[in-house]
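For the protein sequence lines, the chains are A and B, in the order given.
In this text, residue positions in the first sequence follow numbering that gives the first Met the number 0: the first is 0, and each later residue adds one.
In this text, residue positions in the second sequence follow numbering that gives the first Met the number 0: the first is 0, and each later residue adds one.
In case anyone wonders, no lab produced these hints; they're calculated from the structure.
It is possible that part of the hints are untrue.
So these bits of chain A aren't anywhere near chain B, every CB distance computed over 12 angstroms [what the hints assert, rightly or not]: (1) Ser35; (2) Ala184; (3) Pro225; (4) Ile244.
Now the in silico label distances, taken between C-beta atoms and shown as ranges [said to hold, decoys possible]: (5) B:Glu29 <-> A:Gly27: 32 to 42 angstroms; (6) A:Gln190 <-> B:Asp91: 41 to 51 angstroms; (7) A:Gly27 <-> B:Val28: 33 to 43 angstroms.
Computed far set for chain A versus chain B, every beta-carbon distance over 10 angstroms [what the hints assert, rightly or not]: (8) Ala178; (9) Gln181; (10) Gln212; (11) Ser252; (12) Asp277.
Just so we're clear, the structure is a prediction, and the values are computed from it rather than from any experiment.
For glycine and all other residues, C-beta sits at the position ideal for the given N, C-alpha and C.
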Amino acid sequence: MSDGMTHEQAREALEALALDALDASERGAVMAHVASCAICQSELAALENTAGELALAAAPIPMSPAQRDRIRARLMARTSADRVSRDPLAAAVPLRVESGSAASDAGVRELRPYMKVRRTFGPAAWMAMAASLVAIVGVGAFLKARGERDAARASLAAVQAASGTQLAALDSLRTTLKAREQMIASLIGPQVAVMTLTSTMPTAPTARMFWDQQHDTWTFVGHHVPMPKAGRTYQMWLVTPTSKISAGTFMPSQNGEVMMQATHAMPKDSLAAVAVTDEPMGGSPQPTTAPMMVAAK
Amino acid sequence: MNPPSTPQPYLAQGTAAPVGAEPGKGRAVESEDEALVRRMAAGDDQALGALYDRWQSVVHGVVARMLRQADDVEDVVEETFWQAWRQASRFDRTRGAVQTWLLTIARSRALDRVRALRRRREEPLEGDDGQIVVQQAAEGDPGLDAEISERRRLVVAALSGLPAEQREALELGYFGGLSQSEIAERTRQPLGTVKTRMRLALQKLRSQLQVLGNEGEGSG
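Chain B on its own, in the form it takes in the complex (with noise of 0.2 angstroms):
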């Protein structure tokens, strides 16, 4: 077992996107997360055991959230870094940073395992009651990377400052693997009402994580 990546203050030194970031934009030094994904496409499992070891607990807790056997949210996991291995010589650093790659592959494949039950069982989703998922980031996240525990703050600070029925839309969209017909099914609104909320709700975010990353760049 690798020891714990050392903690690092956000965007210490300048080695990591800042939240919200265009793509591309600002980072001509690698990241610590970056490294790794090259050394993985490299070969280097090591790098994968460092990797998995940084994110494990981030990635559980987005899998544990969206489905509800254990033993699924285990094989997720599992699939989750071993997708991250098999494609890290395809991971595009311009294109976002290495913990929205990862989360997003953590997601899909939730999302598959999500839709797949639902096809055969029939069975509602965790949420489906418009349950607000979004908690407050803890103090520091114990156990959590310092680095990964900040952008986490500021991605809950965002999301906090969101009209209740956006963060809704895009909790049921993003967690809950809803489409907007779902969506407006579930919460019994106009069709064209969700595409809007959601619609403003992913501008919103992405200009709050903006100024909010911004700021923390500013006093870090």
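Only chain A is shown next, with the shape it has when bound in the complex (with noise of 0.2 angstroms):
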């Protein structure tokens, strides 16, 4: 159909468009009918309300409470820094999560903010790989790492209090508190990006990588990884809209999990993806498959 379609033509595609069922070469011939036409305007808006309405004939399907209060904690956690990163001043105020979440199972209360940033662009055939454009927080990986800098935290109170035959352990102990309190820094900083990577295998692994811009550090978490097959390894990409960097390789542990961070400076807007591949070990100038799990910013 051509671009010079009738008010008649476009009237007999509205339905389809509210259902957004109408092929690709006729969309944008109609959605530049209806753009011009209030006539057109009105009734399409009272059709995508019909088709609206189709929703309600799939049955309810009430979630397990786990699920459902899992899905509620995640929502308070994202909308309370959502809520700081629109008021910078309320940053130094602890925020909390809410009662009965799943949060409170891991015995942590208290959340820092991020600041959630989305764009959308960058090179078409790894932009098609990721199947949502989203930044969220990580809340599971947040609230392990938290749960560990409080535990690292307290032991070194119990620490100082001890005689001076135990200075080497504090050491430790602040070192390594330390390191967690960089991770955290690295995954709920105000200039924190995230990134959900969505896999392309059966098997679902998840992954999220944090983009922590004041510091440069990407900070990635995988769960469900699975082992690569002997002499591969993976590969994590920053991919530029010129470019895909090599941001090192990584193996999953046993049980499929991976904590992997990585320096690397880059301008905010120059990102467009990040992406995983399977690589001979060692790793690879470019990437050579196709990638196993991608996100877009």
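These two chains come separately, so use the hints to put the complex back together.
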């Protein structure tokens, strides 16, 4: 159908447009007409309202209490961080997760803010691999790190009260605490962008990348990541519109967990995506396989 | 966790939009959902929690209908409410009801995931055999807000009144995310036939919902 679509032709396609079922070849022409036709705009709005009602035809499926609370806790954490990002003056005040949430199970009640950054641009081939363009707080990884930090802090206090013979242990704990503090900062700092990597594999590993833009630190946290084949390794790539930059290689633990950090300075607007590929041991100068995980920023 | 909303009769006190009502008409009084979205726009996360409690099972049902993987479903449910939070200030009650807005977000996010998975895996869609997804509303839909349950009953009743082939076109387009050409290929029908079925189906659905909504309004 050509761009010169008549009102009648466009009108006949409005139902399909409202259902988002128009073929791409037709959609542009219909949209062009609607943009300049008040009658079609009004009709489309009404049809979209009707189409929206169709969702109610699907049977409601209550979530398990654990799942329901888990999502709720993540939403509350994200809204808290979102509020702070809108009002930086509130950043100094610790925020709280609602009681009864998954967070309370971990004995952690406070959250510090992070700044969410979302942009949509980048190389089409890599962008197409991303299932969602979202930036979210990795509550699980954060809570784990936070719990570890609190544990280290408690141990430090105990050691400080002990005799001088424990100074070596104290130093060790200080080092541990500092490392934990740095890691937490790299996860929840005010200039940390968070990207969810979506797997292209059937076993569905999950991962999140925390980009601390203030300190140029990249923290990658993965779960359920399968062990690569013998002689192979995983390689992380920072994808810009013009290049794919290696951020290093990594191997998952026996239980599929990954925690990897890299340092690489990059202008905030340069990143298009992060991706993980399967490469020969030692890594490759450029990706040689399709990404097994990718997130667009 | 907020307590569940108090069940309300459908259209009680004129606070909700009738199913199938034309956008922005006859809704001088703010509905409970609209009040929640207004509070969300002002940064009240308790309002988001309340909206979540009210609609989570419905959103979950829609998303679970469209996606196979539990992890995908959970992600999309979360992203749906997150997008609602982020875009609450852009909600326009004159353009439609909150439930339409929210469920449209859910469907869009689920479709994004469906299409991305399809591109990657060349995976056939659930329901691609023309499986009818509309299920009769259970009596009262236990656990569901009474008002939402009533709306659902009306939609199911309206859909049930459509010829099977028209309902199939709607369902493959809406829940399956298929284009008209893809539906034609899937159902082995001429493209023109699919277009006609889809157009008639949505027109009839709109008409039916208006009739049923008016009846409900009259009896409520």
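Hints versus structure:
1. For serine 35 of chain A, the condition that its CB be more than 12 angstroms from all CB atoms of chain B holds, with the nearest at approximately 19 angstroms.
2. Interface exclusion of alanine 184 of chain A from chain B stands, the closest Cβ pair being 24 angstroms apart, more than 12 angstroms.
3. For proline 225 of chain A, the condition that its CB be more than 12 angstroms from all CB atoms of chain B holds, with the nearest at approximately 15 angstroms.
4. With a least CB separation of 23 angstroms from chain B, isoleucine 244 of chain A remains clear of the 12 angstroms interface cut-off, as annotated.
5. Checked against the given bound of 32 to 42 angstroms, the beta carbons of glutamate 29 of chain B and glycine 27 of chain A, roughly 37 angstroms apart, stay inside it.
6. About 33 angstroms separates the C-beta atoms of glutamine 190 of chain A and aspartate 91 of chain B, a value inconsistent with the hinted range of 41 to 51 angstroms.
7. Our hint of 33 to 43 angstroms for glycine 27 of chain A and valine 28 of chain B holds, since their Cβ atoms are close to 40 angstroms apart.
8. At the 10 angstroms boundary, the C-beta of alanine 178 of chain A stays outside the reach of chain B, the nearest C-beta of that chain being 30 angstroms off.
9. No Cβ of chain B approaches the Cβ of glutamine 181 of chain A within 10 angstroms, the least distance being about 28 angstroms, so the stated non-interface status holds.
10. The claim that glutamine 212 of chain A lies off the interface holds: its Cβ sits roughly 20 angstroms from the closest Cβ of chain B, which is beyond the 10 angstroms cut-off.
11. Distance check on serine 252 of chain A: its Cβ is at least 20 angstroms (rounded) from any Cβ of chain B, clearing the 10 angstroms threshold; non-interface status holds.
12. The Cβ of aspartate 277 of chain A sits about 15 angstroms from the closest Cβ of chain B, beyond the 10 angstroms cut-off, so the non-interface label holds.
Of the numbered hints given earlier, the model fails hint 6 alone.
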